[in-house]
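**Student:** Following the hints, complete the assembly by docking chain B onto the known chain L.
So the sequence lines, in the order shown, correspond to chains L and B.
When we follow numbering that gives the first Met the number 0, the leftmost residue of the first sequence carries the number 0, and every step to the right adds one.
When we follow numbering that gives the first Met the number 0, the leftmost residue of the second sequence carries the number 0, and every step to the right adds one.
Since the hints were derived computationally from the structure, they do not count as laboratory data.
A couple of the hints might just be wrong.
Here are the simulated DSSO-like pairs of lysine-lysine, each with C-alpha atoms no more than 30 angstroms apart in a straight line [as the list claims (entries may be wrong)]:
1. L/62 <-> L/25
2. L/75 <-> B/170
3. L/100 <-> B/170
4. L/100 <-> L/76
5. B/142 <-> B/118
6. B/118 <-> L/107
7. L/119 <-> B/170
8. B/169 <-> B/142
9. B/169 <-> L/107
10. L/100 <-> B/142
11. B/18 <-> B/93
12. B/90 <-> B/118
13. L/76 <-> B/170
What follows is a list of derived Cβ distance ranges for each label pair [claimed, not checked]:
14. L/102 <-> B/55: 48 to 56 angstroms
15. L/65 <-> B/100: 34 to 42 angstroms
16. L/36 <-> B/168: 33 to 41 angstroms
17. B/83 <-> L/27: 48 to 56 angstroms
Glycine residues also receive a C-beta, built at the ideal position from the N, C-alpha and C atoms.
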Amino acid sequence: MIIWMNGEKIMINENSTREEVLEAVKKAGWYLQFASYELKADREVVLEAVQQHAYSFEFAPLKLRNDREFVMEAVKKNVWVLEFASEELKNDRELVLEAVKQDGMVLKYASDNIIADAGKLFAQYVGEVR
Amino acid sequence: MINEINEKSTKEQVLEAVKNHGDALAGASKELKNDRDVVLEAVKKNGFALCYSSLELRGDREVVLEAVKQLGRALEFASEELCEDREVVIKAVKNRGWALEFASEELCEDREVVLEAVKQDGSALYHASEFSEDREVVLEALKQNVFAFEYISSSLKSEIVQHWITHMEKK
Chain L
0 MIIWMNGEKI
10 MINENSTREE
20 VLEAVKKAGW
30 YLQFASYELK
40 ADREVVLEAV
50 QQHAYSFEFA
60 PLKLRNDREF
70 VMEAVKKNVW
80 VLEFASEELK
90 NDRELVLEAV
100 KQDGMVLKYA
110 SDNIIADAGK
120 LFAQYVGEVR
Chain B
0 MINEINEKST
10 KEQVLEAVKN
20 HGDALAGASK
30 ELKNDRDVVL
40 EAVKKNGFAL
50 CYSSLELRGD
60 REVVLEAVKQ
70 LGRALEFASE
80 ELCEDREVVI
90 KAVKNRGWAL
100 EFASEELCED
110 REVVLEAVKQ
120 DGSALYHASE
130 FSEDREVVLE
140 ALKQNVFAFE
150 YISSSLKSEI
160 VQHWITHMEK
170 K
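Isolated chain L, as found in the complex (with noise of 0.2 angstroms):
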């Protein structure tokens, strides 16, 4: 894959090395896109690819989407990422607070368990005070 940016041949595919990839994603995170398995399974080269454009965690394997410590990482860098995390950690309430703290729209991501609950407690509030 070749792609022309700003006047700069970048040409990442999945014999591209380490390095190439890393500095193909530092300027875009979708090259990620292009690179072998295991470089899209490389957590240096996804956070500098999810820094950039959260969607890029959707070509990151599911592995590494699953991954707690990883996800809660990437979310710290880009919270939007939580929209590609696996399922499990969408309803995980700890990362999920950590990603609504920091900005309260990506609660939409989170699982349809979560944004019930959060539903359900404003409603009780709302009965109390009214």
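**Tutor:** Coordinates of chain B only, in the frame set by chain L:
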């Protein structure tokens, strides 16, 4: 049975057929698609059959009421006038909240209509942006379907989230 109905089928044949499958109306003659007895039987069986009936009957209150009672989204095929009819629209949204999409603008701003719609399907809040900040409407919608969260005003969303954060941090 549906296949047996064509433009030459008699009223008796069509009546018999639509009692089993409302869709059978599709093949009937123009005259029978404008026959009140036939169309009433068809929409009672399948509200969707309203789309095969004559334009005249799509403006017939009783026919449309029967259709939306069976399938709320049949409101799509009702006359413009009936989409402004409060009773018709309430009956439709009680069956399928999302049918609010086909109600008149005025009724999408009617609190009672919207409440009925979101109680049946929370995501119907999408068609009632006027109420995206109305706590009662929003909480009813959210209770029915968390998907409604998407359509809540950002200020109310923030309130809900802040409240959840405070609660979580107390633990």
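**Student:** Could you run down the list of hints and mark each one as holding or not?
**Tutor:** Each hint tested on the structure:
{"no.": "1", "hint": "L/62 <-> L/25", "result": "holds, 22 angstroms"}
{"no.": "2", "hint": "L/75 <-> B/170", "result": "holds, 22 angstroms"}
{"no.": "3", "hint": "L/100 <-> B/170", "result": "holds, 15 angstroms"}
{"no.": "4", "hint": "L/100 <-> L/76", "result": "holds, 13 angstroms"}
{"no.": "5", "hint": "B/142 <-> B/118", "result": "holds, 8 angstroms"}
{"no.": "6", "hint": "B/118 <-> L/107", "result": "holds, 20 angstroms"}
{"no.": "7", "hint": "L/119 <-> B/170", "result": "holds, 17 angstroms"}
{"no.": "8", "hint": "B/169 <-> B/142", "result": "holds, 24 angstroms"}
{"no.": "9", "hint": "B/169 <-> L/107", "result": "holds, 22 angstroms"}
{"no.": "10", "hint": "L/100 <-> B/142", "result": "holds, 23 angstroms"}
{"no.": "11", "hint": "B/18 <-> B/93", "result": "holds, 24 angstroms"}
{"no.": "12", "hint": "B/90 <-> B/118", "result": "holds, 13 angstroms"}
{"no.": "13", "hint": "L/76 <-> B/170", "result": "holds, 26 angstroms"}
{"no.": "14", "hint": "L/102 <-> B/55: 48 to 56 angstroms", "result": "holds, 55 angstroms"}
{"no.": "15", "hint": "L/65 <-> B/100: 34 to 42 angstroms", "result": "holds, 38 angstroms"}
{"no.": "16", "hint": "L/36 <-> B/168: 33 to 41 angstroms", "result": "holds, 39 angstroms"}
{"no.": "17", "hint": "B/83 <-> L/27: 48 to 56 angstroms", "result": "holds, 51 angstroms"}
In terms of the numbered hints stated before, the structure departs from none.
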